Amino acid sequence: MKELKILAILIVVVGVLYWGVEPLAHATFHPEVAKADFAFKDLQEVDISKGDAERGKALIEANCIGCHTLNDVGIAGGDMAMYFRDDKEATISTPDISTAGAIYHEKFLANLIMNPIETLHLSHKFPNFDFPMPPYAGDENQEQEVADMVAYLKSIGSVSLKKQVLESQEFVSKKERIEKANISESQKQNEIAKLEDSLTNKAVFLNACSRCHTMKYDKVASKTTPQSLGIYLGSAAPDLSTIIRSKGEHYLEYFINDPQKVSYKSIQEAIIKKQGSLPANDKKSDWQDDKDYSNLAKELGVMPVGLSMPRVGLTQESQERVVAYLESIGDSKKAERESLGVKIMIFFAVMSVLAYLWKRRIWSEVH
Numbered sequence: 001m002k003e004l005k006i007l008a009i010l011i012v013v014v015g016v017l018y019w020g021v022e023p024l025a026h027a028t029f030h031p032e033v034a035k036a037d038f039a040f041k042d043l044q045e046v047d048i049s050k051g052d053a054e055r056g057k058a059l060i061e062a063n064c065i066g067c068h069t070l071n072d073v074g075i076a077g078g079d080m081a082m083y084f085r086d087d088k089e090a091t092i093s094t095p096d097i098s099t100a101g102a103i104y105h106e107k108f109l110a111n112l113i114m115n116p117i118e119t120l121h122l123s124h125k126f127p128n129f130d131f132p133m134p135p136y137a138g139d140e141n142q143e144q145e146v147a148d149m150v151a152y153l154k155s156i157g158s159v160s161l162k163k164q165v166l167e168s169q170e171f172v173s174k175k176e177r178i179e180k181a182n183i184s185e186s187q188k189q190n191e192i193a194k195l196e197d198s199l200t201n202k203a204v205f206l207n208a209c210s211r212c213h214t215m216k217y218d219k220v221a222s223k224t225t226p227q228s229l230g231i232y233l234g235s236a237a238p239d240l241s242t243i244i245r246s247k248g249e250h251y252l253e254y255f256i257n258d259p260q261k262v263s264y265k266s267i268q269e270a271i272i273k274k275q276g277s278l279p280a281n282d283k284k285s286d287w288q289d290d291k292d293y294s295n296l297a298k299e300l301g302v303m304p305v306g307l308s309m310p311r312v313g314l315t316q317e318s319q320e321r322v323v324a325y326l327e328s329i330g331d332s333k334k335a336e337r338e339s340l341g342v343k344i345m346i347f348f349a350v351m352s353v354l355a356y357l358w359k360r361r362i363w364s365e366v367h
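Residue numbers (full-length UniProt numbering): 1 to 367.
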């Protein structure tokens with residue numbers, strides 16, 4: 001009976017710690033922010049369905065290849081841009097946009113072409129509008145021209161992404177090893193499919209992230225030097241080899257979607273500091289949470305800013321692929337670790353029963 005009382009006390013104490021302290025710690029280290037918005041509701045609506053891919057190709061060749069390449073469809077162009085800040089020079093790697101239509105949201109792409117600074121949420125970094133990529137200056141049919149360009153990028157995006165994967169040296173060499181393995185034909189096809197999916201995750205990461213970030217655990221180098229990034233955005237970009245372990249999937253979900261997000265608490269505190277109290281949230285957009293005072297904070301000029309990293313604009317599927325790649329490199333033993341945890345719990349459960357039975361036997365002999 002005494003042991004049952006001790007067990008009950010332990011259960012209560014552990015329960016209080018887990019259900020009381022753990023949520024408090026989570027709220028402290030991970031304050032609430034706006035949820036990931038993969039519809040990019042804050043951006044201007046552009047009807048991409050009316051876009052003409054052929055016209056879009058001509059427009060891109062006329063307006064974009066000075067700085068960008070589309071190597072996977074044989075369109076050469078520039079791959080570097082110069083930027084100057086405080087009398088310092090930075091050489092910035094500009095992205096190949098062959099896969100842009102596959103990995104980025106079409107609404108984000110359209111707005112990026114029309115207004116890159118606002119779309120990337122970098123107005124606090126470039127208050128003088130000296131961002132390397134200028135807004136597209138079309139004619140009176142600007143939206144139609146932008147829709148045409150996005151339509152072209154979408155028409156080549158998925159094909160280009162697949163081409164990058166299937167023609168990569170890593171895929172070719174690993175596929176060859178699979179085909180030589182002593183397994184059935186169906187097993188070979190399954191392994192090749194898994195390989196293609198895994199390398200698609202990596203390809204999305206390379207296209208979306210490797211201009212600034214390194215992945216040393218997978219020998220992926222940044223295309224822009226840390227010194228140039230420091231001049232361009234204010235700080236060098238970190239290596240991402242272990243970020244899945246240090247930050248976690250929950251953090252990465254909203255952070256990659258928009259690195260400029262700050263906590264509701266920080267926004268509200270900035271407003272209170274300005275006005276003395278927190279008014280009713282009558283400035284919020286229909287799609288915003290009641291606790292999201294960002295519109296009012298911007299109107300008052302007190303909106304806190306996030307990090308130097310621009311908004312990426314990935315679709316939900318593309319972002320999930322990036323996170324999957326980060327996990328495959330930085331936490332490759334996750335499945336093994338989780339399965340081991342279950343086995344350890346079963347072991348302790350069995351040992352607890354054996355210990356209890358052993359105790360009963362010994363004490364029964366004593367009495």
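Think of the hints as simulated: they come from the structure by calculation, not from any bench.
In this text the structure is predicted, and so the values were computed from the model without any measurement.
Don't take every hint at face value.
[As the list claims (entries may be wrong)] Derived PhoX-like pairs (lysine-lysine); straight-line CA-CA distance at most 25 Å: (1) Lys125 - Lys57; (2) Lys247 - Lys334; (3) Lys125 - Lys265; (4) Lys219 - Lys41; (5) Lys57 - Lys163; (6) Lys107 - Lys41; (7) Lys273 - Lys247; (8) Lys298 - Lys125; (9) Lys284 - Lys35; (10) Lys50 - Lys88; (11) Lys180 - Lys163; (12) Lys216 - Lys174; (13) Lys162 - Lys219; (14) Lys194 - Lys174; (15) Lys247 - Lys216; (16) Lys219 - Lys334; (17) Lys35 - Lys50; (18) Lys107 - Lys50; (19) Lys163 - Lys125; (20) Lys88 - Lys107; (21) Lys41 - Lys291; (22) Lys188 - Lys223; (23) Lys265 - Lys291; (24) Lys274 - Lys298; (25) Lys41 - Lys162.
Here's how the hints hold up against the structure:
Proximity of Lys125 to Lys57 is assessed by CA-CA distance (about 31 Å); at most 25 Å being required, the pair is judged violated. Simply put, Lys247 and Lys334 have alpha-carbon atoms about 15 Å apart, close enough for the 25 Å limit, and the pair holds. Taken as a hint, the Lys125 and Lys265 pair is honoured in the structure, with Cα atoms around 23 Å apart against an allowance of 25 Å. Taking the CA atoms of Lys219 and Lys41, the gap is near 36 Å; set against the 25 Å cutoff, the hint is violated.
About 19 Å separates the Cα atoms of Lys57 and Lys163, which keeps this hinted pair within 25 Å; it holds. Only pairs whose Cα atoms come within 25 Å are accepted, and Lys107 paired with Lys41 is accepted, the gap being roughly 9 Å. Simply put, Lys273 and Lys247 have alpha-carbon atoms about 30 Å apart, too far for the 25 Å limit, and the pair is violated. Among the hinted pairs, Lys298 with Lys125 is consistent with the structure: their alpha-carbon atoms are about 15 Å apart, no more than 25 Å.
Distance check on the hinted pair: Lys284 and Lys35 sit about 15 Å apart at the alpha-carbon level, within 25 Å; holds. Restraint check: the Cα-Cα separation between Lys50 and Lys88 comes to about 43 Å, which exceeds 25 Å; the hinted pair is violated. Distance check on the hinted pair: Lys180 and Lys163 sit about 23 Å apart at the alpha-carbon level, within 25 Å; holds. For a cut-off of 25 Å, the pair hint linking Lys216 to Lys174 stands: about 20 Å separates their Cα positions.
Straight-line distance between C-alpha atoms of Lys162 and Lys219 comes to about 21 Å, which keeps the hinted pair within the 25 Å bound. For the given pair, Lys194 sits about 11 Å from Lys174 by alpha-carbon distance, which is consistent with the 25 Å threshold. Annotation: proposed proximity of Lys247 to Lys216 holds, straight-line Cα distance about 17 Å (limit 25 Å). The straight-line distance between the Cα atoms of Lys219 and Lys334 is roughly 21 Å, inside the 25 Å bound, and the hint therefore holds.
Distance check on the hinted pair: Lys35 and Lys50 sit about 30 Å apart at the alpha-carbon level, beyond 25 Å; violated. The suggested pairing of Lys107 with Lys50 holds, with an alpha-carbon distance near 13 Å, which does not exceed 25 Å. Distance restraint check for Lys163 and Lys125: the Cα-Cα separation of roughly 36 Å exceeds the 25 Å cut-off, and the hinted pair is therefore not satisfied. Restraint check: the Cα-Cα separation between Lys88 and Lys107 comes to about 34 Å, which exceeds 25 Å; the hinted pair is violated.
Proximity of Lys41 to Lys291 is assessed by CA-CA distance (about 17 Å); at most 25 Å being required, the pair is judged to hold. With a C-alpha separation of about 35 Å, the suggested pair Lys188 and Lys223 falls outside the 25 Å cut-off, and the hint is violated. Restraint check: the Cα-Cα separation between Lys265 and Lys291 comes to about 9 Å, which is no more than 25 Å; the hinted pair holds. Annotation: proposed proximity of Lys274 to Lys298 holds, straight-line Cα distance about 12 Å (limit 25 Å).
Simply put, Lys41 and Lys162 have alpha-carbon atoms about 29 Å apart, too far for the 25 Å limit, and the pair is violated.
Violation of the numbered hints given earlier is confined to hints 1, 4, 7, 10, 17, 19, 20, 22, 25; the remaining hints are satisfied by the structure.
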